[in-house]
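If you read the sequences in order, they're chains A and B.
For what it's worth, the numbering used here labels the leading residue of the first sequence as 1, then goes sequentially.
For what it's worth, the numbering used here labels the leading residue of the second sequence as 235, then goes sequentially.
These aren't lab readings, by the way, just hints derived from the structure by calculation.
These numbers were taken from a predicted model, which means no experiment stands behind them.
Mixed in with the good hints, there may be bad ones.
To be verified - Sample of chain B residues with no beta-carbon within 10 Å of chain A, all distances over it, derived:
1. LEU331
2. ARG521
3. VAL588
4. GLY597
5. TRP679
6. PRO688
Claimed, not checked - Some chain B residues near chain A, calculated using beta-carbon distances under 7 Å:
7. SER239
8. ALA595
9. MET596
10. ASN634
11. ARG683
12. LYS686
13. ILE689
14. VAL690
For each residue, glycine too, the CB sits at the ideal point set by N, CA and C.
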Amino acid sequence: MHPVSLRNVEKVYHLDAVTVPAVSEISLDIRPGSFTVLSGPSGSGKTTLLNLIGCIDRPDRGEIAVAGQPVQTMPDDALSDFRARHIGFVFQNFNLLPVLTVYENVEYPLVLAKAPAGERRKRVLALLDAVGLAERRDSRPGQLSGGQRQRVAIARALATGAKLVLADEPTANLDSHTGAAIIALMRKLQREHDACFVFSSHDPQVRAEADDVILIRDGRIAGIDRRVAAEATA
Amino acid sequence: MNFWSLALRNLLRNRRRSLATLLAMVVGLTAILLFGGYRSNILYGMQTGFVQYSGHLQIQRRGYFLDGGDNPTAYGIADYPRIVEAIRRDAVLSPMLAVVTPTLQLGGVAGNFSAGISRSVVATGLVVEERNRMLQWNEYGMVSYAQPLALAGTGEDAVVVGTGVARKLKLCAALGVPDCSQEDAARPADGVSAPADILTLSAQERAQPAAAVRNRIEILAAGARGAPNVASLSVVRANNLGVKAIDDMYVAMHLSQAQKLVYGTARPEATAIIIQLRHTTQMAAARARLEALLAGEFGWQGLEVLDFQTLNPIYGQTDEFMASIFGFIALLIGVIVLFTIGNTMGTAVTERTVEIGTLRAMGLRRAGIRRLFLCEALLLGAIGSAAGLACALAVSGLINGSGWTWTPPGYSYAYLVLVRVGQDVPLLAGCVAGMVGVTVASALWPARRAAKLPIVDALRHV
Ligand SMILES: Nc1ncnc2c1ncn2[C@@H]1O[C@H](COP(=O)(O)OP(=O)(O)OP(=O)(O)O)[C@@H](O)[C@H]1O
Ligand SMILES: [Mg+2]
Numbered sequence: 001m002h003p004v005s006l007r008n009v010e011k012v013y014h015l016d017a018v019t020v021p022a023v024s025e026i027s028l029d030i031r032p033g034s035f036t037v038l039s040g041p042s043g044s045g046k047t048t049l050l051n052l053i054g055c056i057d058r059p060d061r062g063e064i065a066v067a068g069q070p071v072q073t074m075p076d077d078a079l080s081d082f083r084a085r086h087i088g089f090v091f092q093n094f095n096l097l098p099v100l101t102v103y104e105n106v107e108y109p110l111v112l113a114k115a116p117a118g119e120r121r122k123r124v125l126a127l128l129d130a131v132g133l134a135e136r137r138d139s140r141p142g143q144l145s146g147g148q149r150q151r152v153a154i155a156r157a158l159a160t161g162a163k164l165v166l167a168d169e170p171t172a173n174l175d176s177h178t179g180a181a182i183i184a185l186m187r188k189l190q191r192e193h194d195a196c197f198v199f200s201s202h203d204p205q206v207r208a209e210a211d212d213v214i215l216i217r218d219g220r221i222a223g224i225d226r227r228v229a230a231e232a233t234a
Numbered sequence: 235m236n237f238w239s240l241a242l243r244n245l246l247r248n249r250r251r252s253l254a255t256l257l258a259m260v261v262g263l264t265a266i267l268l269f270g271g272y273r274s275n276i277l278y279g280m281q282t283g284f285v286q287y288s289g290h291l292q293i294q295r296r297g298y299f300l301d302g303g304d305n306p307t308a309y310g311i312a313d314y315p316r317i318v319e320a321i322r323r324d325a326v327l328s329p330m331l332a333v334v335t336p337t338l339q340l341g342g343v344a345g346n347f348s349a350g351i352s353r354s355v356v357a358t359g360l361v362v363e364e365r366n367r368m369l370q371w372n373e374y375g376m377v378s379y380a381q382p383l384a385l386a387g388t389g390e391d392a393v394v395v396g397t398g399v400a401r402k403l404k405l406c407a408a409l410g411v412p413d414c415s416q417e418d419a420a421r422p423a424d425g426v427s428a429p430a431d432i433l434t435l436s437a438q439e440r441a442q443p444a445a446a447v448r449n450r451i452e453i454l455a456a457g458a459r460g461a462p463n464v465a466s467l468s469v470v471r472a473n474n475l476g477v478k479a480i481d482d483m484y485v486a487m488h489l490s491q492a493q494k495l496v497y498g499t500a501r502p503e504a505t506a507i508i509i510q511l512r513h514t515t516q517m518a519a520a521r522a523r524l525e526a527l528l529a530g531e532f533g534w535q536g537l538e539v540l541d542f543q544t545l546n547p548i549y550g551q552t553d554e555f556m557a558s559i560f561g562f563i564a565l566l567i568g569v570i571v572l573f574t575i576g577n578t579m580g581t582a583v584t585e586r587t588v589e590i591g592t593l594r595a596m597g598l599r600r601a602g603i604r605r606l607f608l609c610e611a612l613l614l615g616a617i618g619s620a621a622g623l624a625c626a627l628a629v630s631g632l633i634n635g636s637g638w639t640w641t642p643p644g645y646s647y648a649y650l651v652l653v654r655v656g657q658d659v660p661l662l663a664g665c666v667a668g669m670v671g672v673t674v675a676s677a678l679w680p681a682r683r684a685a686k687l688p689i690v691d692a693l694r695h696v
């Protein structure tokens, strides 16, 4: 089973009179446990595609299955619950809740998923340890550097044990050194958690790390570069 | 981390804005509570006054209240002592009773013939001890302006008049009425075109020793058989009755004296039996029981039970008047608070659009977003109400302690301005509930807007 599977997916934006086809006729299977990068020029449709995969936007046409479940017809509340259980997000601007501490930010998805307090504590502490921020657990996001904030965001994305983590340009707001460290951390955690990471990036550094690189141009797949030989599961 | 601590932290995020919103709520709540407290002070004050003077309920002959005020003989309650006894002995009524007392009201002309002056008055015959006992009723702990009738222990010919009556009859100096300087200036010049009989009477009065004459008046009234009857009375005191129209007409005398004036030697009657209860809340029960009692043995007389609201229409009018002003002020403040908080919450939603998108992406349902903002509004409302309440209590304490007075329209002396905020629990509860309700209502629209934001658009928001 593929963590993400798209068939003839299309999304069109309407700007006044003009229609902008943001993605068209995309059919794609993402391999389980892969570190997959969406690559392409600005405006090519990477963010749109990630939004569709992340079930925070709906396609105009085509079918999308995440974790084996068709999602395009799910009602809004069911889709919300589905995201809470199956998908983690990492944002370019980190998007941590400023009023919550580091600890509480990582705990939040577990509260949403109604995890019992003991388990929440165990998972949050383990994840903060894994991203190297156990000491800063009581800090507010405003007191952290960009790299530290993105580590918190990564811990948060993995908190519920989601097997699919989506990241839209996670290193775009970081200097190249910090960006590389973040990519390395994501790579490490992706392996440890046996999760599938899909993200978009302009960064050649990132592409070098990826298992699969999906090239997007004008909303279409221009090529797939599988760096690591597809395993038997594919 | 729960919803409330999250809401509190979000409120603290923009302290200045939250404080400004709270200030609007505090000012609004204080204003409405002070007015409400002032209103309830006036209404409870009026009720206390009416209950002290005319009781909670009165038994009268049907039609007397509207048509019969000037004609006690046509509407007299025969056998009133037996009715009074029956009421006092009734097992249902007696625990509720404070005072039951008969009264006889009559219209007449009072004259100070030595000053050559007369005016029409409304005289009340009453049982002095019982009426003085009625003045002690003070269920709401009001500042009472009631002065006990100075008739206790006086002879049968003693009367008390309103200060207005005293002025009109030129008895100011004799009775020590303040702010009155006309005394003795108005010895009637002979030759004034007064009726001959009045002149004769006044000449007789003048012939008597001055000291004995000065506080004597005559009251002329229609007797039971239609013939006029005159009583010579001694004014022992002038009381300020508060309402000028009453103060200018009021004469109180012993019931026996009034009965002699109206019924002469015939069997005495009363125009009303006054019933004062221990508590105003007992009125409905007491009334039902009285009506049952009167329908029985005394049914043939056609008696009815009137409550103090009917007897004193001004009470209901004042109540309605005050309620309409209160409603208007409350509406005004409600609308202001509604828009202030609506604006605050709307700004918060706009500022936190990206955060809303993030929470939704992480799996928070639309209802969760709504709840987030409603909790904040509810918390804001609760804090604002608590602060407003504290402020209103403090200000009312200051006002009540200040000794500030005013003279209500139509009243002849100044009242202390008091506000009953603390004691008026329904007012407090109503205003606080209203304020919290308005807060939540004003957050509904922004919360709905936040919940409906498309996630992708919210995340793209800059
Ligand atoms: N909400 C929107 N309304 C209208 N047009 C949109 C919207 N979002 C995206 N588009 C258009 O869809 C196309 C794809 O945009 P998208 O943001 O997916 O590109 P991208 O590959 O992520 O670009 P970048 O690398 O700059 O982030 C673009 O032409 C863009 O202008
Ligand atoms: Mg993009």
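So, going through the hints one by one against the coordinates:
Here B/LEU331 stays apart from chain A, with its beta-carbon at least about 63 Å from theirs, past the 10 Å limit. Interface exclusion of B/ARG521 from chain A stands, the closest Cβ pair being 57 Å apart, more than 10 Å. For B/VAL588, the shortest C-beta to C-beta distance to chain A comes to about 6 Å, within the 10 Å cut-off, and the non-interface label is violated. Consistency note on B/GLY597: stated as away from chain A, yet its beta-carbon is not over 10 Å from all of that chain's, at 2 Å minimum.
Against chain A, the non-interface label of B/TRP679 holds: every CB pair exceeds 10 Å, the least being about 20 Å. Separation of B/PRO688 from chain A is inadequate, the least Cβ-Cβ distance of about 8 Å not exceeding the 10 Å criterion. Below 7 Å, beta-carbon pairs count as interface contacts, and B/SER239 has none with chain A, the closest being about 9 Å; its hint is therefore violated. Checking B/ALA595 against chain A: minimum C-beta separation of about 5 Å stays under 7 Å; hint holds.
At a threshold of 7 Å, the smallest CB-CB gap from B/MET596 to chain A is about 5 Å, leaving the interface hint in force. Restraint check, B/ASN634 versus chain A: the minimum CB separation of about 42 Å is more than 7 Å; hint violated. For B/ARG683, the shortest C-beta to C-beta distance to chain A is roughly 16 Å, which exceeds 7 Å, and the interface hint is violated. Evaluation of the B/LYS686 hint against chain A yields a violated restraint, the C-beta minimum of about 10 Å exceeding 7 Å.
Nearest Cβ of chain A to the Cβ of B/ILE689: about 4 Å, under the 7 Å cut. The hint holds. Interface hint at B/VAL690: satisfied, since its Cβ lies 5 Å from the closest Cβ of chain A, which is below the 7 Å cut-off.
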